[in-house]
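For the record, the sequence lines run as chains A, B and C.
When we follow the numbering used here, the leftmost residue of the first sequence carries the number 335, and every step to the right adds one.
When we follow the numbering used here, the leftmost residue of the second sequence carries the number 16, and every step to the right adds one.
When we follow the numbering used here, the leftmost residue of the third sequence carries the number 66, and every step to the right adds one.
Calculated from the structure, these hints are not laboratory results.
Bear in mind the structure is a predicted one, so any value in this text is a computation, not a measurement.
All C-beta atoms in this analysis are idealised placements derived from N, C-alpha and C, irrespective of residue type, glycine included.
It cannot be assumed that every hint is accurate.
[Said to hold, decoys possible] A few chain C residues facing chain A, derived, Cβ under 10 Å:
1) I138
2) W140
3) I176
4) I177
5) V180
6) F204
7) L348
[Said to hold, decoys possible] To spell it out: a stretch of chain C is covered by chain A in this simulated footprint if at least three of its residues, at any positions, have a beta carbon under 8 Å from a beta carbon of chain A; those stretches are:
8) 181–191
9) 231–237
10) 309–315
11) 350–364
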Amino acid sequence: MDRGPKGLFRSLRIRAIDTGGFVSGLVLALAVNGLVWGLIIALIALGLSIIFGLLDIINVAHGDFFMLGTVVALVLATSTGSYWLALLLVPVIGLGVGLILERVIIRPTIRQASLTIVTTFGLSMMLQEGVRATYGAQPRRMAAPIEGTIPLFGIDYDVYRIFAAAFATLCLIAFFLFLTRTKLGTWIRAVRHDPETATALGVPVARICAITFGLGTAMALLGGAIAAPITTVEFRTGVDILPFCFMAVIIGGLGNLQGTVAAALLLAVMEGLVTSVTDPTIARIVSLGFMSVVLLVRPHGLFSGATR
Amino acid sequence: MLDGSDGAVALSVNGLTRRFGGLVAVDNISFDLPARRLNAIIGPNGAGKTTLFNLITGEIRPDAGRVKVHGQDITGLKPHQIVRRGVSRTLQIKSVFTGLTVAENVRAAVMAHEGLVSPFRPASSYGAVNQRVEGLVVQVGLRKQLNTRASALSYGDIALLEIALALANEPKLLLLDEPVCGMGPQETEQTVETIRTISESVDVVLIEHDMEVVFAIADEIIVMAQGALLARGTPAQISSSAEVQVAYLGAPEEAD
Amino acid sequence: MTAVAISGAALIPVPTVLPLLGSPFWIDVVAEILIWSLLAASVNLLLGYVGLLSFGQALYFGVGMYGAALSVIHWGAGFWGGLAVGVVAAMIMAAIAGSVAVRLTWHYFAIITVVFSLILYFAAMSAKPITGGDDGISFSVPDVVSLGGLKLSLADQSVQYYTILLVVAGFYGLFSIIVRSPLGVRFMAVRENDRRAALVGINVYVTRYVAFVLAGALAGASGALFAFFGRYASASYMFYHVSGEAVVWAIVGGAGSLLGPLFGTGLLIVFREVISTFWEHYLFVVGAITVLVVMFAPRGLAGAWNDALQVLRRSKDAGTSDTTASSGEQDLAKSTTDATRGGSGA
Chain A
335 MDRGPKGLFR SLRIRAIDTG GFVSGLVLAL AVNGLVWGLI IALIALGLSI
385 IFGLLDIINV AHGDFFMLGT VVALVLATST GSYWLALLLV PVIGLGVGLI
435 LERVIIRPTI RQASLTIVTT FGLSMMLQEG VRATYGAQPR RMAAPIEGTI
485 PLFGIDYDVY RIFAAAFATL CLIAFFLFLT RTKLGTWIRA VRHDPETATA
535 LGVPVARICA ITFGLGTAMA LLGGAIAAPI TTVEFRTGVD ILPFCFMAVI
585 IGGLGNLQGT VAAALLLAVM EGLVTSVTDP TIARIVSLGF MSVVLLVRPH
635 GLFSGATR
Chain B
16 MLDGSDGAVA LSVNGLTRRF GGLVAVDNIS FDLPARRLNA IIGPNGAGKT
66 TLFNLITGEI RPDAGRVKVH GQDITGLKPH QIVRRGVSRT LQIKSVFTGL
116 TVAENVRAAV MAHEGLVSPF RPASSYGAVN QRVEGLVVQV GLRKQLNTRA
166 SALSYGDIAL LEIALALANE PKLLLLDEPV CGMGPQETEQ TVETIRTISE
216 SVDVVLIEHD MEVVFAIADE IIVMAQGALL ARGTPAQISS SAEVQVAYLG
266 APEEAD
Chain C
66 MTAVAISGAA LIPVPTVLPL LGSPFWIDVV AEILIWSLLA ASVNLLLGYV
116 GLLSFGQALY FGVGMYGAAL SVIHWGAGFW GGLAVGVVAA MIMAAIAGSV
166 AVRLTWHYFA IITVVFSLIL YFAAMSAKPI TGGDDGISFS VPDVVSLGGL
216 KLSLADQSVQ YYTILLVVAG FYGLFSIIVR SPLGVRFMAV RENDRRAALV
266 GINVYVTRYV AFVLAGALAG ASGALFAFFG RYASASYMFY HVSGEAVVWA
316 IVGGAGSLLG PLFGTGLLIV FREVISTFWE HYLFVVGAIT VLVVMFAPRG
366 LAGAWNDALQ VLRRSKDAGT SDTTASSGEQ DLAKSTTDAT RGGSGA
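Using the sequences and the hints, build the whole thing.
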């Protein structure tokens, strides 16, 4: 059974009907689910946003970075026996992967600015097929590291999801603290705002770009690791996540990181609620339609504070 | 392509204002430039000269005010519409069709001016167009580089090509933004000569920093500072104006 | 023109030559290459000639595909009728989507083309009764010609091949005429420098819009032919992966060249057929090729071909002024291969 965001909502609905749960409870639970996924996606989308914002790259492979995170988390957790160790290692691996990719693939192709999307598309193909070749095509599910449920709005809600939401929130806070309180973070913001002045001030722009790509990749993988116990782990999960992340970035406003988080949460909750009345596909169409409108009317995003 | 009568006004700007956030780039500027003159606009950096040009060519919209070219109100029109009404322009950073040859560049401009859009007839088969292209290329002195890619041209030749593109439009008004910027003495001389010849049949307004050039060819000079019109007059009047000197050099005590 | 002659010489005798070599199966592969190359050509028109990277041409492919299929199923259309419906439907869709998409540039244009194609992909997947969703709908193929005593059907492999070749060649012919026309001149001016284009009096928005609709027609033709070729239509072909592959084919072949899409598509599909017989993960290599092409040969096969011709020409007549600057470093959106030089290469 599909346990991605869409399948998630569907299964909850069925469970609620089985237990004869309160309709309002169901809606609230769906909203909470939306929130959980929204927080995870916010983390991934922020990674996409800094890559898009700083390097001017449409990273079509970003969803596949998420997928890679789920796969690596599953593999590490199974081999070491500890999910928590995997959760710790995945972002580090992500950073390494990102730095290598930036050096080997991104930097040599960034001269062809309009073709970077093609490069990342090629990368996406390589990642998907590479995972299919090594990990296999069989979707697998991971046992939640924290068992049990707690009663929430009349429905038994997975404890792990609450942990996931909390942990994702923690990571988001850490990210913003990093950006605003550390020297590296300040440099990243400087290069993003005005690369020329930053260079003039002695900021090592090339290195910052590499680190940004590495950081963005790490965030996507980390999101995958957090989500691994509540989704299917297979080579295609990135395809579903990618449009969602772009929606969050565009609607939130390119350059507006808080906007991206807000948009991710709003979209996820909205989709969750819409799914309770109709098809998840319709919900997706609505979100995409909304994104189109934003692109056309206010390409700088809904929330003021976008820098481009 | 001029009106002919000496009372004709080539360019009329009235109450033109443009703000960018808190900054007033162009501050309530009004002037009438008579036809059959070569006018220059000068002023220190940040005076708003290029913004003024951008307002005239429709690339940005004014917050207030109107622009008229030879009596026709062009305020609010889109850039390509303004071009079709006989206003041509060159840019501070020379802007041509980089990957195309000189001939292809000028052909594109001529065909656009003639409104040719047929999807079927071969572009090379329009005899009149080919003649006009050759004429323009010769006029600016680029005959030898007819089949050279614009990207391979020297800086001075790119500037000449840009002028050819501007002339393809058979303009009534030609706006030149720092036409000799970045040029060596020989290229400057060549370009100035070309401009002087052009100004005999087209109304020219140029923005320029090179005072030698300005004083050599301008009939009338407008001085801008901080978005506003500071002074106006003949080269002799401007060069002796105390106000202008202050605007450029600062108050007398600070100048050496 | 030499490339056209070579391709013609190679493609025309395919149905007779290939069976002699013992591989009639490859006739269908070549036919498929021809069909998909039109989709790559639609990307090429936008990217190579107008400077717009569309990542959503699969949408118009899908509309063409369903237009043909549905018109055969519900209105009993013949081959030519179905083809026309497909192309026109795709053009209408492009006219609608393009009116807003073309207002955006750079990355936002690419993004919105994907978004539109995703919206309609999901819609097509949902509208199962009409589109058959993922599983698709199939139909029996109508005759190509049915006049008096002469009856040619697509069921005959040779007839099918020549029909496809005829239609595809026709579209390439049209493409060639358009890019050499004043309209084509306008396209390239917009591609090279859209600000300067406006400043010579070109309406950049309208120019891009016209190109977008024409590209929609090409993609629609590709989709319609595909529907007839496979006797079926499926929403899965509207997914962005298909659009992306078309972009890869266009770039590998060389954006901005006339026959680049044909060679790019040909190379990669042949590659797929050959590799997939002994390794199922050929997509990995396709991805790697994509990256490598952008890294080392962003002007694709046509670019390499033209560079080779340059070298040959230079060694033959040393001393003439070398007017073509090496443009390997140039941003593809702002430069092109020798598309306007009718005589050289493609």
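We went through each hint and held it up to the structure:
Annotation: interface hint on C:I138 violated; nearest CB of chain A at approximately 24 Å, more than 10 Å. Interface restraint check for C:W140: the shortest CB-CB distance to chain A comes to about 28 Å, outside 10 Å, so the restraint is violated. Interface restraint check: C:I176 against chain A, minimum CB-CB distance 7 Å, threshold 10 Å, status holds. Restraint check, C:I177 versus chain A: the minimum CB separation of about 5 Å is within 10 Å; hint holds.
For C:V180, the shortest C-beta to C-beta distance to chain A is roughly 5 Å, which falls under 10 Å, so the interface hint holds. For C:F204, the interface hint is violated, since its Cβ never comes within 10 Å of a Cβ in chain A; the closest pair sits about 25 Å apart. Checking C:L348 against chain A: minimum C-beta separation of about 4 Å stays under 10 Å; hint holds. With 7 residues having a Cβ less than 8 Å from any Cβ of chain A, the segment 181–191 of chain C passes the three-residue criterion, so the hint holds.
Beta-carbon proximity to chain A at under 8 Å applies to 0 residues in the segment 231–237 of chain C; the threshold of 3 is not reached and the given coverage is violated. With a threshold of 8 Å between beta carbons, the proposed coverage of the segment 309–315 of chain C by chain A holds, since 3 of its residues qualify and at least three are required. With 9 residues having a Cβ less than 8 Å from any Cβ of chain A, the segment 350–364 of chain C passes the three-residue criterion, so the hint holds.
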